[in-house]
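A.B. asks: Please arrange chain B on chain A, whose structure you already have, making use of the hints.
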Amino acid sequence: MRAAALLFALLASQAQAGWEWDDALTVNSVQGAAIFPHLESANRQGVAVSGGSVGVVWEDNRDGRPQCYLATKPADAEAFRAETRLSESDCYEPVLVPLEAGRFVAAWEEGGRVRARVLPGGTALQLSKQEAAQVTLAAAGDAVYAAWAEQAGRFHRIVVARLAVKDGTLAVESAQPVEAGNPSDEQGWPALAVAGDGGVTVAWEDRRHRHTVPMVSHSRDGRRFSAPARLSDRKSGSVDGLGAGTGAMRPTLAAWGETGVAAVWLDKRDFLSGYDVYAAFDTGTRRFGRNLQVQDSFGDNMAQWHAKVVGDGGGRMLAVWDDARDGTPDVWLSEWEGEAFGDDVAVPAATGPGAQSDPLATLDDAGFLHVVWLDRDDAAGTRIRYARAVRR
Amino acid sequence: MNLFNTLAAAACLWAGAALADPPPGYPFVGFDAGLAAAKSSGKPIFLYFGRYGCAWCDHTNKKTFSDAALKKLYTENYELVYVDAESGKRLTLPSGERITEAELGARLQAFATPLFVYLTPAGDKIMQIPGFKTVQDFRDYDRYVRGGHYKQKTLLEFLGGKS
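Protein sequence lines, in the order shown, are assigned to chains A and B.
In terms of the working numbering, the first sequence opens at residue 1 and continues consecutively.
In terms of the working numbering, the second sequence opens at residue 1 and continues consecutively.
In case anyone wonders, no lab produced these hints; they're calculated from the structure.
No residue lacks a Cβ here, since even glycine has one placed at the ideal position from N, Cα and C.
Among the hints, erroneous ones may be present.
Not close to chain B: a few residues of chain A, all C-beta gaps over 12 Å, as computed [as the list claims (entries may be wrong)]: (1) Trp21; (2) Ala227; (3) Ala229; (4) Thr351.
Only part of the chain A face toward chain B is listed, based on derived beta-carbon distances under 8 Å [stated by the list, open to error]: (5) Arg207; (6) Val239; (7) Leu242; (8) Gly243; (9) Gly247.
Here chain A stands alone, though its shape is the one from the complex (with noise of 0.2 Å):
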């Protein structure tokens, strides 16, 4: 009995040995049992460091409507300043991405329409000319692209905009969807990840083969894109006559290494055990390559939700993701080892009893990890909570 204790504790010392962690902080100063702060966005990019300013974005209802907020963190500050209102009505599924020097833009969905800002100051740009949601940014260095699902005819279709940045204002410079003509069906949820070479990639979900497929498509000028490609290494089909495939979604980019593009997502194809975290890279050759089931085997048998991958330009990579193996939800994060992802660890700070979910991160340049999540309490309210790491 005591030899296995020991190997418990030996084993979980080296579960933990990889990342050292800072104290978890709130991010939302104003909680209530009627109040209910949300992460969700296209991509999961809610939160950015610039210049060592922390950023965190999200929607709650303090005022009675869906409203987006922006809370951020000074990098010599101990604690988030309160945050500050970025929409004007209902507002959904806020994303931010860093400019340099402590400065971020924002997008957000606002009455229908996707805009995008440039905070501190700023005024908020309206990106889409019809009927929009689904808002996503990404950056690398004066390149800011966004991507949206917008109505063309019954369905919505993925659009992609270069925006410019001069003076502290936004302008979008070109706008066009992946592809002409209106889809076929439905397509949503976008992810983007502008590679170390320039080149632009977006993801999404499609439902063009009458199940939810990942599709990626590819470009070099962030202008004329690829024809869409799968994600997904698994064939649409139905069975027996029936179905028409296993479902996946929410996809999820990264830039990673000198030119690589990293992508996680929701896979449901072991349908008896809810959806599972898969990944799917891309080293610069602009395919991706097959699929590899991220979480380890203790989570086989366990719905994963909420996933999203982060990466750096030093080749530094991994997923995050919530699940109930222990009982509640908690965080967890699995970092790529170059042959495979490594063995699951949970965000010290966003485990235990009660329900931590809805993961965000960002991996920054001095090479610390950023994890926001929700601490969920029926009673006392839901706290956004934030914390930091660095390898050890």
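C.D. replies: Leaving out everything else, chain B in the frame of chain A:
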């Protein structure tokens, strides 16, 4: 009907057959409309949590929900709600929280579709049942729910007794 219209109609029929939407002919509505209707009618809610292209949903639709008597039973006695497991469409929970249809799956810890959820007229969950079920299964669940047996017994206890 010209050739184009004929082909278009055939394509629609094919699409309808291949998809796993709600079973045809049932008056399924969205979550918010169903909850509002239940508050007004006092009927319990039968929530079908399906997925676009789901083979087992398709199988259940064809094998089980094609039964005319079952259709009558559920149409007359329940507010029928359909939720798409991967949709970003928004709904409002009885608590007032606004989430997406896909997020409802996370809250229910849904691991398979179809998933059938029975709710009180106020939107409180009575039970959730995953996977393919027969006509008799749905008749048993109906007796359990509308007979109020869930207040005293688990479903297994009820089915063991077959009251």
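A.B. asks: Each hint: holds or not?
C.D. replies: To see whether the hints hold, each was checked on the structure:
1. Trp21: Check passes; 25 Å lies beyond 12 Å.
2. Ala227: holds, 22 Å
3. Ala229: holds, 19 Å
4. Thr351: holds, 17 Å
5. Arg207: holds, 6 Å
6. Val239: holds, 5 Å
7. Leu242: Because about 4 Å separates Leu242(A) from the closest Cβ in chain B, which is inside the 8 Å limit, the hint holds.
8. Gly243: Because about 3 Å separates Gly243(A) from the closest Cβ in chain B, which is inside the 8 Å limit, the hint holds.
9. Gly247: holds, 5 Å
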